[in-house]
Structures are given as C-alpha cells and as structure tokens.
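As they're listed, the protein sequences go chains D and C. Using this note's numbering, the letters of the first sequence correspond one by one to residues 1 to 257. Using this note's numbering, the letters of the second sequence correspond one by one to residues 1001 to 1070.
These are calculated hints, taken from the structure and not from any lab test. There is no bait here: all hints are sound.
A few chain D residues that face chain C, going by a derived Cβ cut-off under 10 Å, partial list only:
hint : residue
1    : Ile49
2    : Ser72
3    : Arg85
4    : Lys97
5    : Asn206
Cross-link-like lysine-lysine pairs, in silico, BS3-like; alpha carbons within 27 Å at most:
hint : chain 1 : residue 1 : chain 2 : residue 2
6    : C       : Lys1004   : C       : Lys1043
7    : D       : Lys116    : D       : Lys140
8    : C       : Lys1043   : D       : Lys116
9    : D       : Lys141    : D       : Lys116
10   : D       : Lys161    : D       : Lys140
11   : C       : Lys1043   : D       : Lys123
The C-beta atom is built at its ideal place from N, Cα and C for all residues, glycine as well.
Chain by chain, the residues run as shown.
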Amino acid sequence: MDKLVIAGREFQSRLFIGTGKYASNQIMAQAIEASGTQMVTVALRRVDIDNPDDSLLSAIDRKKFLLLPNTSGARDAAEAIRLARLSRAATGIAWVKLEVTPDPYYLLPDGEETLKAAAELVKDGFVVLPYINADPILAKKLQDVGCATVMPLAAPIGSNKGLRTRDAIEIILSQATVPVVIDAGLGSPSHAAEAMEMGADAVLVNTAIATADDPVAMATAFKLATEAGRMARLAGMAPQSKQAQASSPLTGFLRNE
Amino acid sequence: MSAKLKINGQEREFADAFPATLAELLHCLNIDRATVVAEIDGKIVPRAEFDATPLHENANIELVRFVGGG
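All chains, full assembly: derive it from the sequences and hints.
Structure representation (structure tokens):
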C-alpha cells in the first residue's frame, strides 16, 4: 500500500481509530492492534476526584501508536485552544484533532469557530487536523491557514449512516491539496472502502468498531476494507455506463437465424 | 482553621494538612501525576514543575486526563 504523509510523518495504514465507547480497555487495545492503525484519537476530561483511577493511557502502546488528542467538548474556539494546549502539555506532542461542537444533539462542528481556532493553533506551532462539515469553501480556508489535513464528516458522529455527504466530499477531494480524512459517520467497512475508492486519503472510525458485536473482528474488517478501497483507487476503476457493455462479443452466436 | 481549594469546579476544604504544592495535592487525592494535566488559575502547569508549584488558598485548579474518544 502506498504510504500516506501528514505533516511530514509517514503512515502505512490509512485507517485511524478512535478509543471511545469500548466495553473495556482490553477490548480496545485488541481492536486497535487488529486494525493495523498507527494513530488513535483520545479526548480530555476532568479527573473524577472521587474516583481517580485511570488506565486508558496504560492500555495504549505509545511507541506503536501516535496519540492524537481531540478537542471534543469545546463549544467555541477559545475552549478548543485551551484543550489543545492542555493536550500538548500532557504529551509533549503538538498534534491535535480540532473539534468544535456547540450542539450536543447532532454534534456538528462550528466551521467559523473551527477556522478561528485553527489559525491560532497553527501560529502556535500545532499540527492541526480539523473536523468539519463537508464544506468545500471551509476546507480551502483551513488549508490556506496551514492545517495539515481536512477531515470532513460523512454523517453525524456515531450515527453509522455512511457517506451521506458524498457529493460535497467529492468536491473537496477534487480541490484539496492536503490529505483528506473522512471522519465520523462511517458505519460499516463498505463505507470505508467506498470513501477510499472515491479518493479519500484516509478514514477515521470509532463507533462502528467499538460498538460492533465483535469489535476486534470489525477492526480487522475495516482494515481490509480500507486497504481494498485504496487498492481499487490506485488500480483505476472502470467507468460506469448507462448502457450495458457486453462481456463477450455480440457476434458469432450459435443460433438458427 | 480550614483552607479551601477549588478543584474541577468544586470547592474542597482542607481542615488540616493544606497541600503546599501541586504534587502534594495529587498525592493526597491519589491521582497518578504521570497521566494528569493541571491548570492553576487558568495557567497550565508543566508536569516537571508539579513539585515546585506552590498552592495558595482559594486557588482554582483544573485536573484533566485523557479518556477514550473519537
């Protein structure tokens, strides 16, 4: 598989994995391993003072997987910037998935606040991977302020609805000069394969794997689907046609005329 | 005399043994310092400075850590 480069860093896998909603840290760790991913997202939350036991980070091998903190929970640029800086203080790494979602029902990102935060964070030395609606104009603006990727959603977070924003994603793919990662709403491996066939550079999946009956098997399925989609893209798919295109010659039939 | 600290939005009283430093506070609360990030009065405190960071009464402290997320 051809390698993917984001902000000068090489990735062999084009599947990124979220770490939320797993039944246990053990299953999460197994699923991450099965997926073949090299980058996993995490969130930042207040420590529960009455119950401070924490084991998430111990279940993620930081030597194998790049940690990508997200700014989930941020309702505006200021909150996102604060979370990004806290994450950098925690890991020493300045990669951030910028996520600004003021509405908890649909969890759609606020493009205006995302752009504001992105500009500030890029200036502050962050590698910014912004989560956005499939908005081609916004994608270009984020590119222009120096984001390392753009990450348009296929459908709302955790909805498993697949590529509902297909047409707009196609426009983004035709215009982007940074890697495009389809992030959110991919519900089955076929969605991931289709995203890669369309020309996406990578996909990010959490819910579809974490809440499958067998997350480890599903992680493997997504791994294979992402690879298959990319291989198909590189192999050059045959065009679609309104009319039938016969597989064998329409002559030389054995018939009584 | 009891002294208060605001921790993660909640006021807590320390009747005796008011933690002198951030490191002491974490130890007192049984919080693993290796995985926590801290803000005092809106300013991030680097992990290397936990032992050297004094706490004053009524300080507004935020303690956050990584959890699962997409």
